Amino acid sequence: MTALTEIGEHPETQPSGAAVSIVAATKVFGHGPGAVVALDRVSLDVAPGEFVCLLGASGCGKSTLLNLVAGLDRPTAGSVSVRARRTGLMFQEAALFPWLTVRGNVELALKLAGAGRDERRRRTDALLAMVHLTDFAKKRPHELSGGMRQRVALARALAQDAEVLLMDEPFGALDAMTRDRLHDELETLWRDTHKTVIFVTHNVREAVRLGDRVVLLASRPGRVAEIFPVSIPRPRRIDSAEVATLAATITDRLRAEVPSGR
Amino acid sequence: MAVDVVTLDALAPARAATRPSFGTRLWGAAWPKLLAVAIFIGVWQLVVWSGWKSQAVIPSPFTVLDDMVHNIGALWGDAIVTLRRALIGFAVSIVVGGIIGIAVARVRVLRLAIGSMITGLQTMPSVAWYPLAIVLFQLTEGAILFVVVLGASPSIANGIIDGVDHVPPVLLRAGRVLGARGFASLRHIVIPAALPSVISGLKQGWAFAWRSLMAGELITLLPGHLGLGQALNQSSQLADYVGVYEAMIVIFIIGALVDAVFFGSVVRAVRKRYGLIDAAAT
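Chains as they are written, first to last, in numbering that gives the first Met the number 0: chain U, 0 to 261; chain B, 0 to 281.
Treat the hints loosely; a few may be bogus.
Here are the simulated DSBU-like cross-link-like pairs (lysine-lysine), alpha carbons at most 30 Å apart as the crow flies [unchecked claim]:
1) U:Lys110 to B:Lys271
2) B:Lys202 to B:Lys271
3) B:Lys32 to U:Lys137
4) U:Lys138 to B:Lys271
5) B:Lys52 to B:Lys32
6) U:Lys138 to B:Lys52
Over the 12 Å line for every Cβ pair with chain B, so calculated as not near, a few chain U residues [said to hold, decoys possible]:
7) Glu142
8) Ser218
9) Arg252
10) Glu256
Rather than coming from a laboratory, the hints here were simulated on the basis of the structure.
Here the structure is a predicted model, which means the values were calculated and not measured.
From the three backbone atoms N, C-alpha and C, an ideal C-beta is built for every residue, glycine too.
All chains, full assembly: derive it from the sequences and hints.
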């Protein structure tokens with residue numbers, strides 16, 4: 000694979016150093032009068048090793064933007080360039096393969112990435128240890144709790160050894176306690192592996208808890224409303240006063256963007 | 000008092016309690032069935048006692064069972080002939096249904112052309128094929144095979160088509176993200192995801208094969224090769240009503256055994272593995 004993947008019709012010059020560079024990306028679904036503009040000239044640079052949270056109400060095109068970065072879709076106009084061999088993607092549903100065990104799910108990711116048998120075994124052990132699921136390696140997905148399934152999905156996404164990890168509301172369906180714990184684990188993993196993370200959420204506190212920057216997206220059409228740098232020292236706590244204060248500021252801005260009744 | 004330390008993992012499903020012994024489980028599964036058989040025999044005997052029909056037409060169940068024990072060798076021979084035909088027919092159906100199913104599932108034009116016809120074929124009573132089969136193959140094993148394959152392969156093909164159509168899109172997407180494209184996607188995602196549906200198709204295919212075979216054996220009397228259906232027909236013609244009941248009982252037992260015991264356990268094992276049924280409930 001090339002070091003630089005160019006997607007889109009008008010690739011702009013890549014700003015030196017950015018891991019992900021989105022330049023005036025526009026995405027239109029459909030044609031004619033029924034066409035829906037999902038993204039309207041969205042521009043964003045993400046530095047290597049940065050943790051960026053995309054925040055917005057439903058309909059702001061968060062998932063569309065993530066699909067563009069993942070290479071699952073192409074922008075109608077503008078460009079999306081990713082300086083990475085691969086991107087890993089995690090969804091709201093764990094989307095584990097039910098016929099495989101926990102270990103099998105992680106190993107399949109390694110197999111599809113071309114790893115040999117010994118390497119698969121060794122790296123699966125390491126990844127399962129990393130997400131604290133060593134004892135559950137032989138279980139099947141339906142035997143796990145929601146939080147454990149997402150940890151398997153995280154291990155599977157990490158197995159791709161992607162420099163850029165894209166997360167589409169991965170903890171959205173979990174209870175607050177489990178989510179809180181996974182925030183800690185994700186922060187530790189991110190710190191240890193130096194990955195670039197783009198994390199989509201509609202939870203303001205979660206965005207402030209995790210992100211180096213919070214990118215607020217406006218809805219219909221999706222566009223960047225404002226970018227908030229988060230300077231609160233890590234490790235953070237979701238219930239700390241600093242997180243709450245910044246979250247309140249962002250929520251006010253979000254309310255201004257999303258008129259009531261929507 | 001000891002205080003349990005509750006961690007988040009305690010929210011995970013509890014481990015299954017220790018399984019009861021094999022004997023206990025077997026008895027638990029068997030006694031309702033045995034009771035049902037006992038009630039059936041009881042009702043049958045009551046009908047005989049009521050004198051509704053002469054005992055020549057509806058003999059006592061004990062007369063039939065007693066005669067069956069003496070006749071077991073002949074019945075066994077008939078059953079072997081029939082089972083051989085069923086297995087050959089089913090094997091050919093798997094090949095034919097498998098090829099058609101995979102082709103229709105993968106090729107859009109084929110699906111538009113014959114996709115709905117396959118379901119239509121399934122509704123065709125197999126007996127209706129026999130006149131044509133006899134014209135084409137005369138009174139040979141070929142005629143029976145022809146109808147068995149026509150009866151069973153649409154179900155098998157449909158199972159494959161349904162399975163491939165209903166692979167959850169999120170799994171396809173997850174596979175694509177992990178780099179599974181083309182053949183790798185087929186091998187690692189589509190085929191395993193379609194498996195439960197394919198097995199249901201096979202189960203249904205077997206039921207159709209067995210029915211078609213019985214219809215075929217009743218109609219085509221092949222000299223020298225007596226199957227259960229032919230034995231049934233012959234007993235009826237010779238007014239050997241005890242023989243009629245015996246053949247019917249054997250036909251039922253074989254059909255039920257294969258369907259419930261073999262396919263039932265395979266379907267259950269797969270569904271359990273895939274988390275489609277609650278493991279604790281079985």
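Results for each hint:
A threshold of 30 Å between alpha carbons decides the hint, and for Lys110 of chain U with Lys271 of chain B the separation of about 26 Å falls inside it, so the pair holds. Among the hinted pairs, Lys202 of chain B with Lys271 of chain B is consistent with the structure: their alpha-carbon atoms are about 17 Å apart, no more than 30 Å. For a cut-off of 30 Å, the pair hint linking Lys32 of chain B to Lys137 of chain U is broken: about 35 Å separates their Cα positions. With a C-alpha separation of about 12 Å, the suggested pairing of Lys138 of chain U with Lys271 of chain B holds against the 30 Å cut-off.
Restraint check: the Cα-Cα separation between Lys52 of chain B and Lys32 of chain B comes to about 28 Å, which is no more than 30 Å; the hinted pair holds. A C-alpha spacing of about 60 Å is found between Lys138 of chain U and Lys52 of chain B, which places the hinted pair above 30 Å, so the restraint is violated. Residue-level check failed: Glu142 of chain U sits 6 Å from the nearest beta carbon of chain B, not beyond 12 Å. Taking the minimum C-beta to C-beta distance to chain B, about 24 Å, the non-interface status of Ser218 of chain U holds against the 12 Å cut.
With a closest Cβ-Cβ approach of about 32 Å to chain B, Arg252 of chain U is found to remain outside the 12 Å limit, as its non-interface label requires. Look at Glu256 of chain U: its CB is around 29 Å from the nearest CB on chain B, clear of 12 Å, so calling it non-interface holds up.
Of the numbered hints listed earlier, those contradicted by the structure are 3, 6, 7.
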